[in-house]
Amino acid sequence: MARNDVLVSADWAETNLTAPGLVFVEVDEDTSAYDKGHLPGAIKLDWKTDLQDPVRRDFVNKEQFEALLSAKGISNDDTVVLYGGNNNWFAAYAFWYFTLYGHTSVKLIDGGRKKWELDSRTLSDETVTRPATTYVAQDQDLSIRAFRDEVVASIGEKNLVDVRSPEEFAGTILGPAHLPQEHAQKGGHVPSAINIPWSKAANDDGTFKSDDELAALYGAAGLDTSKPTIAYCRIGERSSHSWFVLSQLLGQADVKNYDGSWVEYGSLVGVPIEVDAK
Amino acid sequence: MTSCGAPDQSLPAVVAAGATLIEGTISQAGSPVSGAYVRLHDATGEFTAEVVSSPEGSFRFYAAPGAWELRALSPKGYTRGEITAAVGVNRAELVLS
Numbered sequence: 001m002a003r004n005d006v007l008v009s010a011d012w013a014e015t016n017l018t019a020p021g022l023v024f025v026e027v028d029e030d031t032s033a034y035d036k037g038h039l040p041g042a043i044k045l046d047w048k049t050d051l052q053d054p055v056r057r058d059f060v061n062k063e064q065f066e067a068l069l070s071a072k073g074i075s076n077d078d079t080v081v082l083y084g085g086n087n088n089w090f091a092a093y094a095f096w097y098f099t100l101y102g103h104t105s106v107k108l109i110d111g112g113r114k115k116w117e118l119d120s121r122t123l124s125d126e127t128v129t130r131p132a133t134t135y136v137a138q139d140q141d142l143s144i145r146a147f148r149d150e151v152v153a154s155i156g157e158k159n160l161v162d163v164r165s166p167e168e169f170a171g172t173i174l175g176p177a178h179l180p181q182e183h184a185q186k187g188g189h190v191p192s193a194i195n196i197p198w199s200k201a202a203n204d205d206g207t208f209k210s211d212d213e214l215a216a217l218y219g220a221a222g223l224d225t226s227k228p229t230i231a232y233c234r235i236g237e238r239s240s241h242s243w244f245v246l247s248q249l250l251g252q253a254d255v256k257n258y259d260g261s262w263v264e265y266g267s268l269v270g271v272p273i274e275v276d277a278k
Numbered sequence: 001m002t003s004c005g006a007p008d009q010s011l012p013a014v015v016a017a018g019a020t021l022i023e024g025t026i027s028q029a030g031s032p033v034s035g036a037y038v039r040l041h042d043a044t045g046e047f048t049a050e051v052v053s054s055p056e057g058s059f060r061f062y063a064a065p066g067a068w069e070l071r072a073l074s075p076k077g078y079t080r081g082e083i084t085a086a087v088g089v090n091r092a093e094l095v096l097s
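So the sequences go chain by chain: S and F.
So that you can map any letter, position 85 of the first sequence is 85 in this note's numbering, and since no number is skipped, the others follow by simple counting.
So that you can map any letter, position 43 of the second sequence is 43 in this note's numbering, and since no number is skipped, the others follow by simple counting.
If you're looking for bench data, these hints aren't it; they were derived computationally from the structure.
A portion of the hints provided could be inaccurate.
[To be verified] Distance ranges between label pairs, derived from CB positions:
(1) S/S143 with F/G66: 20 to 30 angstroms
(2) F/G88 with S/A153: 20 to 30 angstroms
(3) S/S70 with F/P65: 45 to 55 angstroms
(4) F/G88 with S/T104: 28 to 38 angstroms
(5) S/D46 with F/P32: 23 to 33 angstroms
(6) F/P55 with S/A220: 39 to 49 angstroms
(7) S/T15 with F/E93: 33 to 43 angstroms
(8) S/D139 with F/V95: 52 to 62 angstroms
(9) F/P75 with S/S143: 46 to 56 angstroms
Virtual Cβ for every residue (Gly too), placed ideally from N, Cα, C.
Required output: the full structure, derived from the provided sequences and hints.
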């Protein structure tokens, strides 16, 4: 997997907005951004209502994902081009999610919605509908998804990469600083985890740093490239961003995203937690 | 479960006891700047959070006491500022040049 296979520039996207076989998809937690203006022709996916089970904490199942993509007008042979707000957190999450269900061709727009806006490129508020399809998903590829038991068993064994901010890693705060503090029961991090905030992989405009910069970043932080890796954050979306960097841009083998992340781990009874001395 | 999305920056804040808020507005030539990307960095320059300013130019972070840096990117320009926050509500005003 090479950068050019999975990452496209805003220029490329603008040039290819109407190209056949491409479906542009904006993915956000807050779809009001899409409703106010989106890439011309792009459809939207709601991180929560479309991709999460409405009752349990889990993803929609294979049949629900098939129904969703069929209704949205996405075919198995379409190339899905993802972008979104929050520095592509949710778009990277969707990239991982589409990969989990076996979609063949997925790309991410470098810099996402932010770069597009900062470039003052065209946004459209037109309603976009596509003819329905009959989408067939694969069973979840669990080689890229980690669950809590594997995380506990990986302490001191695999690379555990905590991609949250240093304050969250230390246990000083429980969630990102733009949200109220209302999350896991306990603060801190999984013992033996290294802290490589997702933001270090991105430039201020939301684009990814170069492969050389990224390799240097993870190397300096102590990532052992000979070992499997599990990335986590608070709810699994920022760690999708880092999963994308490690597995898709840097070609690291055996990288999983722990989507349960700190909201689950920090509320488990009996598991070990480390906090940084203040 | 609240996600890491983009909370509405226009709504009044609910300030829990002991919480530390950093909030303010971003403007240019006296007019509020909406849609600016306002970033909170810690005292070492480490990125901590980012929000998009409201139609009134408002932004808000739930942080911790200490020194912070604010940076704002917009198609209209760039600016930065510093603030030392204490428990309670801390105001920060950003002006795009």
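Cross-check of the supplied hints:
Restraint check, S/S143 to F/G66: a C-beta distance of roughly 41 angstroms breaks the suggested window 20 to 30 angstroms. Our hint of 20 to 30 angstroms for F/G88 and S/A153 is violated, since their Cβ atoms are close to 43 angstroms apart. In this structure, S/S70 and F/P65 meet the distance hint of 45 to 55 angstroms, their C-beta atoms being roughly 51 angstroms apart. Between F/G88 and S/T104 the C-beta distance comes to about 53 angstroms, which lies outside the given range of 28 to 38 angstroms.
A beta carbon spacing of about 28 angstroms between S/D46 and F/P32 agrees with the range 23 to 33 angstroms that was offered as a hint. At about 41 angstroms, the CB distance of F/P55 to S/A220 agrees with the hint of 39 to 49 angstroms. The given range of 33 to 43 angstroms is respected by S/T15 and F/E93, whose C-beta atoms sit roughly 40 angstroms from each other. In this structure the supplied range 52 to 62 angstroms holds for S/D139 paired with F/V95, their Cβ-Cβ distance being about 54 angstroms.
Range check, F/P75 to S/S143: Cβ separation about 41 angstroms, and the 46 to 56 angstroms hint is violated.
The earlier numbered hints that this structure contradicts are 1, 2, 4 and 9.
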